[in-house]
Structures are given as C-alpha cells and as structure tokens.
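Whole structure, please, built from the sequences with the hints as guidance.
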Amino acid sequence: MSKAHQQAAVLLDAPKIDVLFDEKAIAARVEDIAHEIGAAKPVNLLVVAVLKGSFIFAADLARALHHAGLAPEMEFIHLSSYGADTASSGEVRVLRDVASDVKGRDVVLVDDILESGRTLAFARERLMERGARSVRIATLLDKPGRRKAAISADYVGFECPDRFVVGYGMDMGHKWRQLPYIGYVVQGESEVAGTA
1 MSKAHQQAAV LLDAPKIDVL FDEKAIAARV EDIAHEIGAA KPVNLLVVAV LKGSFIFAAD
61 LARALHHAGL APEMEFIHLS SYGADTASSG EVRVLRDVAS DVKGRDVVLV DDILESGRTL
121 AFARERLMER GARSVRIATL LDKPGRRKAA ISADYVGFEC PDRFVVGYGM DMGHKWRQLP
181 YIGYVVQGES EVAGTA
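Once you know that position 7 of the sequence shown is 7 in the numbering used here, the rest is easy, because the numbers rise by one and skip nothing.
A portion of the hints provided could be inaccurate.
To be verified - Dumping the calculated BS3-like pairs for lysine-lysine here, alpha-carbon to alpha-carbon at most 25 Å: (1) K175 to K16; (2) K143 to K24; (3) K143 to K52.
None of these hints come from the bench; they were simulated from the model. Fair warning: this is a prediction, and the values are worked out from it, not measured in the lab.
This is the structure:
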C-alpha cells in the first residue's frame, strides 16, 4: 500500500472529534499558568513532566516560563498503573525516574490531566521523600469528579467535563496526540465513555 493510501486509510478510521478547548484558549492558559508559577518565586525550579501525555503541555509551559523570566531545569518521569490491561490496577510503577537531584528545590510536576490522582499523588510523594523543598502540580485539565486520591492541582488550565479527550498530547490508542487542540471523541450519536 502506498503512503498516500495509508494516510487515507488512517483518515477513514478517524473518529469524530469535537473541539473542547481550541489552540488560542490553550495558549492563553499556558501563559497564565507560567505567570502564576513565577509569582510563587520558586527556588532552583525543577519542572518534571509526566510522560507521555504531558509532553506538549510541558514544552509549551517551559517556553512560557522563559517568557515569564524563569529558567527552570526540565526533567521527566514515566509512570504506569495499567500493565497489560486497559483499566488501571491502582498500583503505580516507575518506568523512568527523575535523574536530577531534587533536594531543597521547588518542583512543579506537570501532567496533561488530573483524574483519579493516584499517579500524581505517587509522584509527589516520591519527590518529597527525595528532599524536594516543595512539589506543586500543574495540570492542563482537571476532572475532579474522577478523583480517587486526596490530591488537587495548584495550577489548572481548564476543568474538564467527564468525556474522553484527545489532542495536545493526549491520545486514544496511541493516536491523535498531534492535534493542536483538545477535543472529545464522539462515535455516532454518543460520546466515548472513559478517560483520556
């Protein structure tokens, strides 16, 4: 099959995605969050992006922090609570840990979406145990109705309705991360249930 035919096949399989938050709204909120972080006057700021979903948000936030006059060090952590199943096991595993020393530093933990909170609670506790001065959470989307852990974000882009969302780093079956907006997936007349 030629490359053009492969691309056409992918588009034919595309779900209907309705825009929830457009590019301009996202860009404005990212700038706002950067200024909120700067207003807290962080000490030796370390920004830790939770992979994979936060990579676009984290990159845009890093640039916005630069525009706000900050020069954070960037790090990454990759966590999983899914194993081979599509439902969370509730047990968090570290696939890639933060390599930098966090002792005495203000850390901003960046994630795409705060739902159950288990993964972010685990990451925050892990960073505090390693001696972070503080760990604040910045999330682009917050779904408070899905919370299973006693945790909230310090910086929130948008409160998100309980819909399956894709785009701006979030995926469905490893697809649609590249979309420049956040949308919710619709199949026929009904929305896809579940989480991002």
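Against the structure, the hints:
Note on K175 and K16: the hinted pairing holds, with a Cα-Cα distance of about 13 Å set against a maximum of 25 Å. Restraint check for K143 and K24: the C-alpha separation of about 21 Å stays at or below 25 Å, so the hint holds. For the given pair, K143 sits about 18 Å from K52 by alpha-carbon distance, which is consistent with the 25 Å threshold.
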